[in-house]
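K.L.:
Following the hints, complete the assembly by docking chain B onto the known chain A.
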Amino acid sequence: MEKTNFEFLKQIVEALIFASDVPLSAEQIKRYIGEITVSEVKKAVETLNIEYSQTNRAFHIIRVAGGFQMVTRETYAQWIKKLFQKRIKSKLSPAALETLSVIAFKQPVPKSTIEAVRGVNCDGVVRTLLERKLITISGRSKGPGRALLYRTTKEFLRYFGINDIFDLPKPREIEELLKDEKNLPKDAVE
Amino acid sequence: MTVAENLNLGKKEGYQVKLPNFEGPLDLLLYLIKKEEIDIYDIPIAIITRQYLEYIELMRELDLEVAGEFILMAATLIRIKVKMLLPGNTEEEEIEEDPRAELVRQILEYKRFKEVAESLTDRETEQRRLFPRSYFEWEKKYEKKEVVLKDATMFDLLTAFKYALDHIPKTTVHKIGPTGPTIENQIQFLLKLLEKKDHICFRELISELKERITIVVTFVAILELIRTHRILVQQVSIFGEIWISRKAA
Chain A
96 MEKTNFEFLK QIVEALIFAS DVPLSAEQIK RYIGEITVSE VKKAVETLNI
146 EYSQTNRAFH IIRVAGGFQM VTRETYAQWI KKLFQKRIKS KLSPAALETL
196 SVIAFKQPVP KSTIEAVRGV NCDGVVRTLL ERKLITISGR SKGPGRALLY
246 RTTKEFLRYF GINDIFDLPK PREIEELLKD EKNLPKDAVE
Chain B
17 MTVAENLNLG KKEGYQVKLP NFEGPLDLLL YLIKKEEIDI YDIPIAIITR
67 QYLEYIELMR ELDLEVAGEF ILMAATLIRI KVKMLLPGNT EEEEIEEDPR
117 AELVRQILEY KRFKEVAESL TDRETEQRRL FPRSYFEWEK KYEKKEVVLK
167 DATMFDLLTA FKYALDHIPK TTVHKIGPTG PTIENQIQFL LKLLEKKDHI
217 CFRELISELK ERITIVVTFV AILELIRTHR ILVQQVSIFG EIWISRKAA
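These protein sequence lines are chains A and B, in that order. With the working numbering applied, the first sequence corresponds to residues 96 to 285, in that order. With the working numbering applied, the second sequence corresponds to residues 17 to 265, in that order.
Okay, chain A solo, but in the shape it has when bound (with noise of 0.2 angstroms):
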């Protein structure tokens, strides 16, 4: 491709991202465009990026729940948050984030299970995730009483800043964990 036909497209892929309000795939931006390539918009990405660390712009383009999003750098975090002081919404309590956690890794999981690991009641944490679209409803179990099961969404990677569900930290493994307890003998394990 020649480059000054590059040089356009690279514009057109930083306009599309610019005006979007959610993270937009590589994909989408292909089939608004048209006579692009994936690997040409992530290269339109990439040095949209360089261009923007050089000339010193507030904001970048990040990864994000398998898109790409505009966001300014952290060093304007300070400010940023004053402009936006009634918009910004509280963060996630500990039951929320663990409530998350258990049904990032389960999914699609019932209530019970997710209450069988952190033994309490789970009702009013899978509410709030619910309104805050950070869960929703997959499906009914085919068990008994067909329980309604829960999976992450799209604007649970966005929350988190995470690309791709299997880029999130695995939970270590039991024996692992028994591992951190020293002063005892591997083989007491069960």
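To be clear, the hints were calculated from the coordinates, so they are not data collected in a lab. Just so you know, not all the hints are guaranteed correct.
[Unchecked claim] Simulated crosslink set (DSBU-like; lysine-lysine; CA at most 35 angstroms straight-line):
hint : chain 1 : residue 1 : chain 2 : residue 2
1    : B       : LYS263    : A       : LYS206
2    : A       : LYS138    : A       : LYS125
3    : B       : LYS51     : A       : LYS274
4    : B       : LYS130    : A       : LYS184
5    : A       : LYS186    : B       : LYS130
6    : B       : LYS208    : A       : LYS125
7    : B       : LYS208    : A       : LYS176
8    : B       : LYS130    : A       : LYS249
9    : A       : LYS176    : B       : LYS263
10   : A       : LYS186    : B       : LYS50
11   : A       : LYS249    : B       : LYS208
12   : B       : LYS213    : A       : LYS125
13   : B       : LYS213    : A       : LYS249
14   : B       : LYS97     : A       : LYS184
15   : A       : LYS181    : B       : LYS212
16   : A       : LYS249    : B       : LYS263
17   : A       : LYS181    : A       : LYS228
18   : B       : LYS212    : A       : LYS274
19   : B       : LYS97     : A       : LYS206
20   : B       : LYS130    : A       : LYS177
21   : A       : LYS206    : B       : LYS99
22   : B       : LYS263    : A       : LYS181
23   : B       : LYS213    : A       : LYS206
24   : B       : LYS208    : A       : LYS228
Quantities reported herein were computed from a predicted structural model and do not represent experimental measurements.
P.N.:
Chain B in isolation, oriented as in the chain A frame:
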């Protein structure tokens, strides 16, 4: 050391309430195990039970609501303790499982996810410092709605339904023709209405329907749509208008 001392709750000089916030009985047990440097393979059940009960007592003294789960765990601990005191039937069942095994497994399983939750907290903090582009106009409208609307319960719906039934105009209409609407028809009718409008007012919707049977069938259609998560029913205030809106798939 008692739990109270552990938590720096000097009772004599008044309450310095600084209870660590436990997410549940497993969280509390995990805390006690760590605090007492207890060996998780060989939990001294008597000590841990005593500490656990002391903590619950403390919650009571502080007028905190002790959730049922905490009480249930107390019962489990006591049961394990009793089991361990009873002489096992060594002759027949030599490989009897340690009564604590299930509890240990539960605590460790909980610990796994608690760790993940901690790493999610870090990500959350990091991510909250990055601001993406967004449409503010839309958000403003959305925020306003979020503040005033509360979820309507089944009883609110029933109250509104009864109100609607009580207020059907008394004129009797004799109509000969095909049988009335079916639930499936009314579902389609509602979904079509929701394509045109963001919200439908329940009272207005019902008041436009003439026959009792149509109202009943429409009501059943609404229940069906709620059950299959296709619509959202919200109420602004107690006894207020009930709004029906489409639920994003």
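K.L.:
Under the constraints set out in the numbered hints, which ones does this structure not fulfil?
P.N.:
Violated: hints 7, 14 and 18.
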